[in-house]
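Protein chains in written order, with our numbering: chain A, 1 to 309; chain B, 310 to 748; chain C, 749 to 1021.
Just to be clear, a hint being listed does not mean it is correct.
No more than 20 Å apart at the CA atoms, straight line, and that leaves these computed lysine to aspartate or glutamate pairs for DMTMM-like [said to hold, decoys possible]: (1) Lys755/C with Glu199/A; (2) Lys419/B with Glu199/A; (3) Lys809/C with Asp362/B; (4) Lys373/B with Asp652/B; (5) Lys141/A with Asp453/B; (6) Lys601/B with Asp920/C; (7) Lys141/A with Asp723/B; (8) Lys966/C with Glu383/B.
If you're looking for bench data, these hints aren't it; they were derived computationally from the structure.
Remember, it's a predicted structure, so these values are computed and weren't measured experimentally.
Each chain, letter by letter, is given below.
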Amino acid sequence: MDPLIIIRLSEVIDMKKKYIPYTMIAPYFILYIAFGLFPIIFSLAISFTQWDGIGTATFIGLKNYIRTFTQDKFFYQSLGNTTLLLLVNTPIQISVGLLMATLLKDFFKKTRGAFQLINFLPYITTPVAIGIIFQLMFDWKSGVVNGLLNLLGIDSVYWLGNAWASRGVVVIMEIWKGFGYMMIMFLSGLSTIPDELYESSRIDGAKWRHSFAHITIPLLRPIFTFVIVTSVINGFKLFDEPQLLFSSTSQPIGGPDRAVMTVVMRFYETAFNGFEFGYGSALAYCLFIIIAIVSFFLFKFINRESDMA
Amino acid sequence: MKKRTRVLALAVSSFLTLSAFSGCASKEPVNTSQGGAASSAGAPSKINIWCWDKSDSRAQMHSKFTEETGITVELTAVQSKDMTQKLQTTLASDGDMPDIAWLEATFRGKLLSLNIWEDISKAPYNFDKANVLDYLIPLETSEDGQYVGPECPSVAGLAYKRELAKQYLGTDDPKELEKLIPDWDSVIKVGKDVMAKSQGKVFMFSSLGAVGNMLKGQSTDPFIDGDKLNLKTSMKPILERLIELKKSGMVDVLDFDSPEEGASYAGNEHIFYPCANWSVEFTIKSNDKDGKNRWGFMLPPGGPFPWGGTVMGVPQKAVNKEAAVEYIKYFFGSEKGASLQRDFKGNFSPFKPLYANADFYSAKDEYFAGQDVLQAISQDILPNIKGVRLPSKYDQDINDAYNLVIKTINASKDGNVSADDMISKMEDDLVNKQPAITK
Amino acid sequence: MEIKLIKRLPVYLVVLIFSVAALLPFYMMIIMGTYYSEELYSGVKLLPGGYFLTNLHTVLKQNFFVFYKNSIIVSVCNTLGGVFISALTGYAFAKYQFKGKKPLFAFIVATLAIPQQLGLIGFVVEMRALGWINTLLPLIFSGMASAFGVFWMTQYISSSVPNEIIESGRIDGCNDFVIFFRLVLPIIRSALITIFLLLFLWSWNSYMTPLVTISNEKYYTIPLSIALISSEYRTDYAARILSLALSTIPIIGMFCIGSKHLIQGLISGSVKG
């Protein structure tokens, strides 16, 4: 073929090639800008105003943010609660999920499907039912949990009436709900590791624990990054379970001593029950800033060796 | 090859589906509550109510109204806990408001203060406020003096289990029991006897929250005056009473409105429960299915008290406002409507003239061993409601702080908390939440 | 080389314990739907009650199938769109180098930090402006651009799709989209299934967005339709739970179908079983 034509052809291909990734990511960004960005910018604008959603919004500059950081004891309290719950939940959920995933993969070839489904069920069980079940199980006088504790000689605990006890209940709910979801993510991730690696290491005489530490974990790094970063982010955004436990009108918002009030709960209470949409938005944005900073460092830390993503 | 075609087909079909539905959707009318375009001059119209009652009994009740007036009633199901949020987002986005919204007592203070409601006592609606039970009017009026709308009176007395009353208090006759425990001091005295007799196994009340509701309703001292808190005067006696009860051990540790408390109705360890007109059917009978003849009804220690209530609010931005007020006048301001409410829903009416007739609300209840609870409520309880606490836009926050304190007292060992501490906690709480509040 | 039974026993025990703990509440949920609502309060129920048909009647009485249909339409469209876009975008970030890649990716991950409730009012305002209130469209498009999906796909593709495959595709003269559809997608089947299940589940159970964008009962989705199972002073929790339990059926069905593909690339006949 004429070398000139080859060169021209490859130039054309090169030119088109440059735009290909942009074409690929375009649908996402178009949709996001259309449906995701506008509401966020709107809320950002509102966070600089005082607005009850009904009348006109009055511009008050940074006053909402100042109030969040200097006057709102609940912001710090809810942030503390959220972080505490997060620090306990996340490692346990991830560990259990990973453990179950590897166990299922290695030891349950035939019945794996059934066990996958069963352990994912908590994630799809209806919150309404979960609420009633947990309220019954953890009841002070006649709950099953206290019954068991009594058998072991331990005094009954007022689970839903003590700050630390109610945190315990929320942690249990979270772990119970989330480990199946973690397991699924890890199962999917584990399938990217070729079997041959395990085979050859076994032939070399390595024990299960050894291959776990030296094959599984390193090769799962991108998945780990994903799971850890998203878990931390989701942990900061915790809302459903604590809301569920203490949602009746005769329960204080956020439980006894507001021990399980999370930042999003505080936002929700302010914006939608208190009709203070400006202040609520500022609260949420403060949370966003905190999450962004934490995840940025987290991401960097986990990914310090590998290249981007 | 196969996979690629499959994926492509999937993608194509999904986008086709999308566009199909965009097409369909844009043909649908956006404003559904304007179905019967507002013409108040006789043409058949329609009103849309946001409420949480989709039962058959209500549909039947409304069909009678439609027969008589030609106004169709369309109900959109919205849960009470979502009502505030839904109203707010609809207003914020300039959406279609319902013609009537149900405003439950819990959110009453905040919602009334928003100034988004029509004053239906004024022209052109002219709802007759003068014929509404006196005690209700302040509960239905905003701080600016706007009369928002009536509600079915919701008042409470005390229900008790006859067996237990007979066994531990010596009688199951309501009048005698009322003489035994006319006030809370006597409750404490009598309660100590009950505890002794039953070796601590039988409780006077099931939860501090239940008593808390009673005490709160029985006092009318405002918790807050405008933006200034008044807890030291108004809340202190209530908290002291709660702590006293906790110390005595005669109130069980259950959480109010919890599944366990519901289960206690069918049991034999708790004697007294606050009982509103709606509690008869929906709390007592449903929680104690086999409880025929087990129950009695009496005036509570400290006097009867208002408890709950759902206001009918007509938003300023609603479309069919005149038809909405027609509905309200019918069901809340006429005898016809009142009999329908009574027969189909067991509700009372705020229409004053009805109460001159002692038999209007009267029915022997076999659950209550033949007692005429309806009559007791209409003739003994309603007239004896001395007054109400005026709603304030901070009611929800105050209530939340109150719940927290009740829980703290409940969790404490033998009630060793001080009312003053609790009050300072409440004050700090509230000032934190709402910077506009002062102590 | 077999793993001795003795070694397997603790493993079986651990998995069994977790599985029972996972299954029990779900089982209880189903049982709860067969009771008279207030009876649920008297204790944890393990055996079916006699109220199933009555509760079922309550549930079906209110246009249940219309709500089911609405939920299906919304979730299927939303998820198909979401999965496809996530995969395509993830592939671009994982396998291409282009200007602005790092900041754009960081932007996407950053948006994960935004609580969903924050944009609610803005979203409603926008939907109103578009005239999409009281239709299913807001629900279909809400979240279709899923940062979560993109992030997941990026990580997955970067760790599971060898560059050699893409190279060989190029050498064969395929254009990039053909490579994506014919070579890459089959490899990441497992990730596609995973993200499909999750996006579907989240769309299916979504409550707040429909609450504020739909006021016409005809377009209610299942979570919203719970509000219809209620009378003035009493909530029939048992019937509500039954309704919600019925709504888990499609999810479980999809999971069963998809779980075969969840674990792929494992060579059968290896010594682990």
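For each hint, the structure was consulted:
no.	hint	verdict
1	Lys755/C with Glu199/A	holds (19 Å)
2	Lys419/B with Glu199/A	violated (67 Å)
3	Lys809/C with Asp362/B	holds (14 Å)
4	Lys373/B with Asp652/B	holds (12 Å)
5	Lys141/A with Asp453/B	violated (47 Å)
6	Lys601/B with Asp920/C	violated (84 Å)
7	Lys141/A with Asp723/B	holds (16 Å)
8	Lys966/C with Glu383/B	holds (12 Å)
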